[in-house]
Each structure stands twice: as C-alpha cells, then as structure tokens.
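Since each chain comes alone in its own frame, lean on the hints to assemble the complex.
Now for the letters of each chain:
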Amino acid sequence: MPIRSKAQRGRPENGHFSDRGGTELTQKSIADAGTPPVRQRKMSFGTYMRRYGTLYILLLLPVAFFLIFRYYPMQWIALAFKKNNIIQPLWTVPWVGLDWFDKAFKTKAFITAIKNTLVLNLMDLVCGFPAPIILALLLNELTFKRFKKLTQTILYLPHFLSWIIISGLATRLLADNDGLLNLVYKQMKGNSSAYIPFLSNPQYWRWTYIVLGIWKEAGWGTIIYLAALTNISPELYEAAAVDGAGRFSRMWHVTLPGLRPTIITLLIMRMGYILGSEFDRPLAMSNKLVTDVSQLISIFVYEQGIQGLKYSLTTAVGLFQSVIAVIFILGTNALAKRIGERGIM
Amino acid sequence: MSVVKQASGNKQVRESGGMIRSGATRVGDWIIAVICFIVMFVCLLPMLNVLARSLSSAESLMRNEVFLWPKGWNLIAYQTILGNAKYIHSLWFTALLTVGCTLLSLLMTVCCAYPLTYDQLKGGKVINMLILFTMYFSAGTIPHYLLMKNLNMLDTVWCMVIPSCISVYNMIVMRSFFYGIPESLREAAEIDGAGPIRTLVRVYLPLSLPVLATLALFYAVGRWNGFSDALLYVKKEELFPIQLYLYYVLQNSTQQEIATQEGFATPGVGETVKMATVMFATVPILLVYPWLQRYFIAGMTIGAVKG
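Protein chains in written order, with numbering that gives the first Met the number 0: chain A, 0 to 344; chain B, 0 to 306.
Bound-form chain B, shown alone (with noise of 0.2 Å):
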C-alpha cells in the first residue's frame, strides 16, 4: 500500500517540478517525527526518573514503587541538603571556582589568540607550532602530578585553576573567528592611531560577543563538571569541587557509616538524598545552556572548519 502511495507521489513530483509535498511524503514526516520523539524521551528518561525518586517518599522508593513519576511527594531531601553544611560548601566553592576560572581562562585566550592573527608578527609561527605541538603530545598524567608537586600547588585552589586555564582547542576556535573580521577594520583603527590593545578592546571583542559567550560556556561546563585534576591533586575535604563530592557520596552507596557521617542516618533517606544531590549538581548548567544554544553551535562549527 506505501509503496504504491510513495510510488504515485514520486510521480507528483516528478510532475510538479518537486513543489507539491505528496501524501506518502507527509506520512514519512510523521514517522520520522515519532522517532524523533522517542530518541528525544530516550534523552530525558534518566533524568526524569532520577527526578522522580528525588521527590518521592523513602518508603515507597524502598518498595520500588517509583518509575517517572513521584509517589508520596515531599521535598525532605532537599530540605536535608540545605542543611548539609559540607555540601553548601562545596557548592558555593564550585560557583565561585567556575567564575573565576571562566574569567581567567576566558582572559587568557583572548591574550592568546590575538596577536596570533597578526600576520606580521615576528615570531608568531614559531609560538603557533609551540602551542599546538601540545595538542597532540602531552607529557603525560604522572609528570604533570610531579609539577604540581615541584611548585607546591598541590592542596592549593591553584591546581584547579591554572593547569587548564587555556585549551589549545578553544584557543583555535577564538583565533578563527578574529581571523574572520576582516583586516580593513583592523587597518582602519591603525590608521586612526590605535595600537593593538586599543584596536582590541575597541573593535574586536565587541563584534566576539557571541564567540566569547561560546567560550565561556565551554570553559565554565568543564569546571564545573571536571573532577579528574582534583582527584589528583586535592585531598583537603573543603577543596573538593562538587563532582569529586559526589563522587565519594555515590561510591559509598553501600557504607552505612559514611552515610550517617554525611548526615543521611535513614537508609531510605539516604537514596533520596543523593538523587536531590545529583539534580543540584546538574540544574545550574540545565538552566544555562539553552540561552546560549545559538552561539555555541557557531563556537563548534568554527572550530570544526579551521580545526
């Protein structure tokens, strides 16, 4: 039956010059819009029920009783968590780190990229090499945990600032849209008097705004979800970044002592206090992306086509 539907609106087209939508055609959007659907809801399916069983009630989560929508609705677990003086902690420590690490990083880029684009610039290719031979080689996991070491920054905020404050990728991606502003502008300021800086703050930066916020998303998503150099580097309890937390409150699932150590005595309790943790952990990045959606697929096609 489809197949002679499909095999008829070929026909209309073939006819129409392809400007009518066939019945056969439209049928194939619906479809297409199902599956959508489906991969859209495969997407949300985790973080639904993780939503579910925050909001639910200890007993009838023990009675495994809750799919995707709460039973026996309370907000006890996120009530416990704002009491939970170590995990506040963390979270504002995260919140100010990711602040100050965009602004540095996003700094540092700038600084970077910059004088990169100049053409004239002597001794600008050797730098060029200098920083994406890093890309590809790294010295690896242990002598970087041996520099930490040597200039005394383990323990330190500073091992979670400085070490990823520039990545060469994103530095890429900064260049290619200065790259993009055509020279005449930037030969326009000089004739005018400006020097580079000026030329800078002046003409470039206010046309990057969308590349900048790009950059900024990028930077602030991976200190806020990054855990693996504080793993390495920091074993005081008041610098542990709020995925390194959650890390050791997830591990611990089975330790009854840890769990009373954090304050979440009632085993029940304990299940639905972790989810609450997991969705404060994950909303204040829920909440941002999708402002920015428009400017960071710009940020990623650019770095993709002058990768």
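Chain A on its own, in the form it takes in the complex (with noise of 0.2 Å):
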C-alpha cells in the first residue's frame, strides 16, 4: 500500500503535495482497506488532550501576543472619553463624554488634517489604483521572455526602499536649484533661475507625492494581476486571434475582464482604507514649505499626541479613524456581495 511505505519513510515525495488527484485515491484506498479516517473517530477529553494538546502550547505565545499587544492597549481607548490624565490610574480619571471629539472637530489643524488626507487618498486611488492594472497588462503583452523577467525584478525594486531612502532620493532628484530634473530643465530653458517647484510648491508637492508612491509601489502591484493573469484560459485568446482581435480589443475584451474579480477585491481593500492614513510617508516626504497640505492624520496625532502630550485628543482622532475604516471595509464589502463579486471576508 502506497499510504504506508509513505508514512514508513516519514518525509513524503516532493510534488506529491500539490497533486489532488493523488490525495483523494490514497483517502479512498485507506476507506477500502476498512480503517476509518481517524478524524471521524468521536473521541474522550484525555484522548483528545493527549493528541492534540500541544497544539495549544504551540499556541500560547502567540494568543498571549495578540491579548498583550493588541487587545490589552484598547483599554486605553477609554481616554477618548476621559480627562486627559495618564498619571493617575485609568479608572479612577473622571469621564467627560465626547467632549475630546468636539473638540477636535472644532481644532482647525485636525479639519485641515482631515482635507489632506482625503485628498491625498483620493488621488492615490484615481492615479495611483489603475497603474500596476496597466503595468500588468503592459507586461503581459510583452514576448521577449528574457527580457520580461528582467524588467520586472527592476519593477519590484523601489517597494524594497524605505520612504526615508525614498525622500533622499526625491530630493537630489526634484530639488528646485541642484535636484537632478531641475538642472536639465534649467539646460533646456537656458536659463539658470529657472525651476519647477516639485518639492516646494504645496500643489505640486501632492503631484509628486502620489507620483512618488506610484513609482514605489506599481511593480510591486502587477504581482497580483500578472498570477491573475495566469488563469485566463489561452483558448480565450485563441478564440479572439480567430474572430480576427486585435492587440487592443483582446486586452479589452479578454484580459481585462478575466481580472475582473481581482480587481474588485483590491478596489475594496483600498476604499475601507479612505481615511487611513500612512505614517512614514507623509512624514519623509514633507518639509516646512508644504506643512499646509502634508499634514495628515497620523501625523496629527504623532505632532500632539507624543510630542504635544495630548492623549486624550489624539486617542478620540485614532478612535474616530478606526472606526470609519471598519464602517467602510464592512460597507464596500457589502456592496461588492451586493453586485454579484466576491467579497474579501
């Protein structure tokens, strides 16, 4: 019997695992030879202890991680709606309800931090969604294979640098008198005052914000897309090249919609994260000229929170933040089921 020797041996073939055809006979020879499958035994608390025991130590730490680290520190959100004191014992600081809240909505840094993030975020998704999509579908396109595997190890380079790295690299690239772009449009215009403002100008700034993440993070995108890529059916494409399709029609009317779902689960992964907001980024990549629109959320919070020691304000602006993301993965998901696409929980 094929099942014994294998287990005999210990240590099972490499490629067997991947293979189901191969998993349901060997289910199905142990069925025959009259030994039920062990799991469908009902089975005594020690005897079940006894087997299964140590998955539970197995378990301990990392139950005992997610308790400390992430469900222990909630208490805290009770400071959202306290006196601002983490001196005295959290308990015992008087409640003041949601005064923390209307506080900051009345605070104009916070409205202001509200807008900027908003916008950065909305921009992000118009540009910065649709480009690894059209990547991909470039990437698809292209024949020469050797060439194709080199281009994309150099697309996925720039997610590997930290936005600190990134930022240095942006300045020597965009700076208004040395940076490298602006020394070539100061050749091209003959004329050595003349600059683009990338890094300087707040309405700029964003542009190159969002371009910058673009650059970082869309190779890296395409994995996703190119493994989706993978499952279309090449007598799809067949089919098309026969009914006489062009290159365009067939990623219109073949690629696009076989990454359909993809795309959907990405688009809903994104918009629960509308008010979300990064906190390396914005924080490299902003500078004293542009403080009116880099201020974002997590910013805020960091500036008061940490350095302000205003808790109490700066856990009701978390709270709130939280809270709305919750609100809009749970929404978009909904709405995804709603329109007939698979949801992401």
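Derived from the structure by calculation, the hints contain no laboratory data.
Hints may contain errors.
Unchecked claim - A few chain B positions that, by computed beta-carbon distances, are all more than 12 Å from chain A:
1) G71
2) W72
3) T79
4) L81
5) G82
6) N83
7) H88
8) F92
9) V98
10) G99
11) A212
12) K235
13) E237
14) Y246
What the hints assert, rightly or not - BS3-like, lysine-lysine: derived pairs with alpha carbons at most 25 Å apart:
15) B:K148 to B:K70
16) A:K287 to A:K114
17) B:K148 to B:K234
18) A:K107 to A:K82
19) A:K185 to B:K70
20) A:K114 to A:K144
21) B:K148 to A:K82
22) B:K85 to B:K234
23) A:K82 to A:K105
24) B:K70 to B:K234
25) B:K124 to A:K336
26) A:K287 to A:K107
27) A:K188 to B:K70
28) A:K287 to B:K148
29) A:K114 to A:K102
For each residue, glycine too, the CB sits at the ideal point set by N, CA and C.
What follows is the structure in structure tokens.
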C-alpha cells in the first residue's frame, strides 16, 4: 500500500502535495482497507488532549501576543472619553463624554488633516490604483521572455526601499536648485533661475507625493494581477484571434474581464483605507514649505499626542479613524457582494 | 500605413488560425519593449543619480555637473562613512535586530498558523476570529504608546522587536500554504504515531521552505526599513535603527552644526557622504531580493487568493 510505505519513510516525496488526484486516491484506499479516517472517530477529552494538547502549547505565545499587544491596549481607548490624565490609574480618571471629539472637530489643524488625508487618498486611488493594472497589461504583452524577467526584477526594486531612502532620492532628483530634473530643465530653458517647484509648492508637492507612491508600489502591485492573468485560458485568446481581434481588443475583451474579480477585491481593500493614513510616507516626504497640504491625521496624532502630550484628544482622533475604517471595509464588502462579486470576508 | 499593415496582419491571423505572427504584431512587440525599457529606466533613475553623486567629487557636485555618471571619481564619501563609528554601530545594530526579529517572527508565525489548520481543534474558530479582528480594528497610536510606557519597554530593544513580531497578513499567507498541503500526509504521519509537533517539523516545514523564505524576506525588509516604532518609542541614540539615523541625517540637511557633529565638516563632502549613507542602507536589500523573486511572487499570490 502506497500510504504505508510513505508514512514509514516519514517524509513525503516532493511534488506530491500539489497533486489533488493523488490525495483522493490515498484517502479512498484507506477507506477500502476498512480503517475509518482518524478524525471521524468520537474522542474522549483525555484522548483529545493527549493527541492535540501540544497544539495549544504552540498557540500559547501567539495568543498571549495578541491579547497583550493588540487587545490589552484597547483599554486606553477609554481615554478618548476621559480627562487627559495618564498619571492616575485609568479607572479613576473622570469621564467627560464626547468632549474630545467635539474639541477635535473644532481644531483647525485636525480639519486640515482630515481634508489632506482625503485629498491625497483620493488622488492615490484615482491615479495609483490603475497604475499596476496598466503595467501588468503591458508586461503581459511583452513577448521577449528574458527581457520580461529583467523588467520585473527592476520594477520590484522600489518596493524594497524605505520612504526615508525615497525622500533622500527624491530631494536629489527634484530639488529646486540642484535636483537632476531641474538641472535638465534649466539647460533646456537656457535660464539658470528657472525651475519647477516639485517639492516646495504645495500643489506640485501633492503630485510629487502621488507619483512617488506610484513609482514605489506600481511594480509590486503587478504581481497579483500577473498571477491572475495566468488563470485566463489561452483558448480565449485563440478564439479572439480567430475572430480577428487585435492587440487592444484582446486586452479589452479577454484580459481585463479576466482580471475583474482581482480588481474588485483590491478596490475594496483600497476603499476601506480611504481615511487611513500612512506614517512613514508623509513624515519622510514632508518639508516646512508644504505643511499645509502634507499634515495627515497620523502626523497630527504624532505631533499633538506624543510630542504635545494631548493623549485624550489624539486617542479620540485615532478611534474616529479606526471606526470609519471598519465601517468602510464592511460597507464596500457588502456592496461587492450585492453586485455579485466575491468579497474579502 | 500601420493601419493597413494591422488589417492585413489580422487577415493573416484569421486564415492561419492565429499561428503565424504578422509583421504588424512584431512592430507592436518592439514598441512595448521600448515602453518597458523606459519604465525600467524611470525605476532606476533616482538610484543611479544618487549613486553617481556618492562617487563624485565635492567640487563637481557644488558646480551641479553630476547627472547620471560620476564626475571626479573618488571613494572619499565611503571612506568617511566607514570611519564614522556611530553610523557603523547603527548599521550593525540594525543588522542584528533584523536577523533576530526575522527569526522570532517566523517562529511565532508558524506557531500561530499551524494549529489553526487543524479543523478539529476546539476553540480554533474563536482564536481565528480574535486574530482577524485585529487586522481591521486597532487600538491606535496613543494606546500602543501607553502600553509600551506601562510595560517599561520605552527606550529598550524590545519595543522594536515584540509589538511587530506577528503580522496577521503573513500569518494568513503561512496558513493558506499549510492548507495547501494535503491532509493525507498529516494522517499518514498520525497513523505512524507522530504528534502534531513532529508532523510540523518533519512533514510541514520541509515542504514550506519557499513560503518561509518569502515571509523571512517580508519580515526582514519590514524591520530593516521600519522606523516609525523607533521614532515613537526610542530616544537613546545607540538604539537608533539605520532608517531613523538616516532620517535625522537627511532632515538636518541645512544645519551646519549637525553636519560637523556627524563628522561631515565640509559642506560639499557632507552631501556626497549623505548619498553614500543612502546607498549603504539600500544595498543589503538589493543584494537579497532578486534571488528570492520566484518565492515572493508565489507568497504574494497565496495571500491574495485566500485573504
């Protein structure tokens, strides 16, 4: 019997685990031999613990981790409804109701932060979301195999750079006076004082922020789409070719519909993040001249909370942000299911 | 002209059942290759620029002569860095931190993911919900900061190791991979008298090397590039990871006194040294990721399918 010999060797042959047909066959052969599958037998508690008790030992540390480092801090969410006092024990601090939320929405800096977060996230959604799709379509049409692999490797590179590094690269590339692009621009114009204020003008800065985001993540984003593309049956392309479809109509009628479920799933995840704010990215990219547009909620929390010691106010802001995120994720997920797509939950 | 060519090309395709590639298609292929080449160039442009600057002489940099090729080749910047004890310390510290964090994270992730693949595990569903919930709702920056404060973990190494040691996303990737290993293998091992841990070590882990490599890369890159936790929790300079160090160096670009403090006394040299600093912090990752490309593509795909 194949199953015995395999078990005795204790080590499965490679390549066997992806073979579904093989699995069914071995299960069937066990059943034929008259031994019922192990997990269907009713077990006493003692037997259960003897057999699976070690699993709980394995889970001990991870579960403790989630309880201590993810759930235990949730008690301080109460600060959002209490006086700003972290010296006294939490339960003795008097409640103040929704005062901090009230105060937050009357703080001008917070309103600016919400506005900036929404504007940048929407720009990111509109420009940044389609970028990997377009790039994946492009790569998919690339026929030179070696060259394709090289292109992919290089496209993945920016994903592995930190935002600190990228801000360093960006300054040297885009600075007003000695940035590479502006040096080229000056030469083209023949005017040494001409420049494009990529980083110093708030409007330009926004686009720089978005374009650098695309530069960093678009290549990485293609991975998922390229994987989805391999699931499209080649017969569809052949049929389209027989019907006389050119490159673009094949893209439009075969490739894009094939990507639809992936696109929708990723869009949901993206939508859930509409009020989310990264921390590294704005912190690294910001400079003194553009704080009006670069102040995001996360930066507001850092500056007011950690540096300004306004713990209650910023906890309230954080809670607001988390709750909105959950609502958006549930909402977009429900919407996706309503229109007949597979959600993420 | 090209329209005519395309039309005739299509005709040819139709007649031959799509087997013969027409001239128009070949032209299209070349156009796409050229576009890809441009995209590649755009990806590399900032890196090449910084590399060129780090290898150039301070004078040519001041005269704005450096574009993509170094002018006045020299390695002074790199020599200066190697002589900067603080920077070397930070680099070493980050390297050790990254290795330690990656090992711990892998261990914790496997310990978390493996038991959850047992359908018959009592309480498994509850634990699963408990973990997934944290992916969508987090307590927020301030509560996490207060936790670190209360556990007396501020200004220790641990505040950069433990709070980020399991990523739920990576855990799901790991679990999905374990799910893909047929249960018959586990049953066979059980019949043979192997307990869950033995099955994990002898059957599951040897089969999971690709996904382990992927997750190791994700964790390592996250730690190497991470600096927000250090910014929030660490004030001691000897505990600065490389990115935080770099952040302060790059931020203080106009302040002469800081430059002098760091040993970058001459302004021009300071600039090339900064560029070399950026290169030093980048190179370790650039050396690793291309070799793991095959694996992380698979890893990303698993995560996407079974999110």
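Consistency of the hints with the structure:
With 12 Å as the threshold on Cβ separation, the claim that G71 (chain B) sits away from chain A holds: the shortest Cβ distance comes to roughly 16 Å. Distance check for W72 (chain B) against chain A: the nearest CB is about 18 Å away, which clears 12 Å, and the non-interface claim stands. Under the 12 Å C-beta cut-off, the non-interface status given to T79 (chain B) relative to chain A holds; the minimum distance is some 17 Å. Consistency note on L81 (chain B): stated as away from chain A, and its beta-carbon is indeed over 12 Å from all of that chain's, at 19 Å minimum.
With a least CB separation of 21 Å from chain A, G82 (chain B) remains clear of the 12 Å interface cut-off, as annotated. With a least beta-carbon separation of about 17 Å from chain A, N83 (chain B) lies farther than 12 Å from that chain, consistent with its non-interface assignment. Every CB of chain A is more than 12 Å from the CB of H88 (chain B) (nearest about 18 Å), matching its label as outside the interface. Under the 12 Å C-beta cut-off, the non-interface status given to F92 (chain B) relative to chain A holds; the minimum distance is some 16 Å.
With a least beta-carbon separation of about 17 Å from chain A, V98 (chain B) lies farther than 12 Å from that chain, consistent with its non-interface assignment. Distance check on G99 (chain B): its Cβ is at least 16 Å (rounded) from any Cβ of chain A, clearing the 12 Å threshold; non-interface status holds. For A212 (chain B), the shortest C-beta to C-beta distance to chain A comes to about 15 Å, beyond the 12 Å cut-off, and the non-interface label holds. Non-interface status of K235 (chain B) relative to chain A is upheld: no Cβ of that chain comes within 12 Å, the nearest being about 16 Å off.
A cut-off of 12 Å between C-beta atoms confirms that E237 (chain B) is not in contact with chain A; the least separation is 19 Å. With a minimum CB-CB distance of about 5 Å to chain A, Y246 (chain B) fails to clear the 12 Å threshold, and the non-interface call is violated. A threshold of 25 Å between alpha carbons decides the hint, and for K148 (chain B) with K70 (chain B) the separation of about 50 Å lies outside it, so the pair is violated. Distance hint between K287 (chain A) and K114 (chain A) is fulfilled; the C-alpha atoms sit about 19 Å from each other, no more than 25 Å.
Distance restraint check for K148 (chain B) and K234 (chain B): the Cα-Cα separation of roughly 13 Å lies within the 25 Å cut-off, and the hinted pair is therefore satisfied. Distance hint between K107 (chain A) and K82 (chain A) is fulfilled; the C-alpha atoms sit about 21 Å from each other, no more than 25 Å. Note on K185 (chain A) and K70 (chain B): the hinted pairing holds, with a Cα-Cα distance of about 19 Å set against a maximum of 25 Å. Between K114 (chain A) and K144 (chain A) the alpha-carbon distance is near 45 Å, which puts this suggested pair outside the 25 Å criterion.
Distance check on the hinted pair: K148 (chain B) and K82 (chain A) sit about 19 Å apart at the alpha-carbon level, within 25 Å; holds. Only pairs whose Cα atoms come within 25 Å are accepted, and K85 (chain B) paired with K234 (chain B) is accepted, the gap being roughly 15 Å. Distance check on the hinted pair: K82 (chain A) and K105 (chain A) sit about 18 Å apart at the alpha-carbon level, within 25 Å; holds. Straight-line distance between C-alpha atoms of K70 (chain B) and K234 (chain B) comes to about 39 Å, which puts the hinted pair past the 25 Å bound.
The straight-line distance between the Cα atoms of K124 (chain B) and K336 (chain A) is roughly 23 Å, inside the 25 Å bound, and the hint therefore holds. Restraint check: the Cα-Cα separation between K287 (chain A) and K107 (chain A) comes to about 18 Å, which is no more than 25 Å; the hinted pair holds. Between K188 (chain A) and K70 (chain B), the direct Cα distance comes to roughly 23 Å. Compliance with the 25 Å bound is thereby established for this hinted pair. A threshold of 25 Å between alpha carbons decides the hint, and for K287 (chain A) with K148 (chain B) the separation of about 30 Å lies outside it, so the pair is violated.
With a C-alpha separation of about 17 Å, the suggested pairing of K114 (chain A) with K102 (chain A) holds against the 25 Å cut-off.
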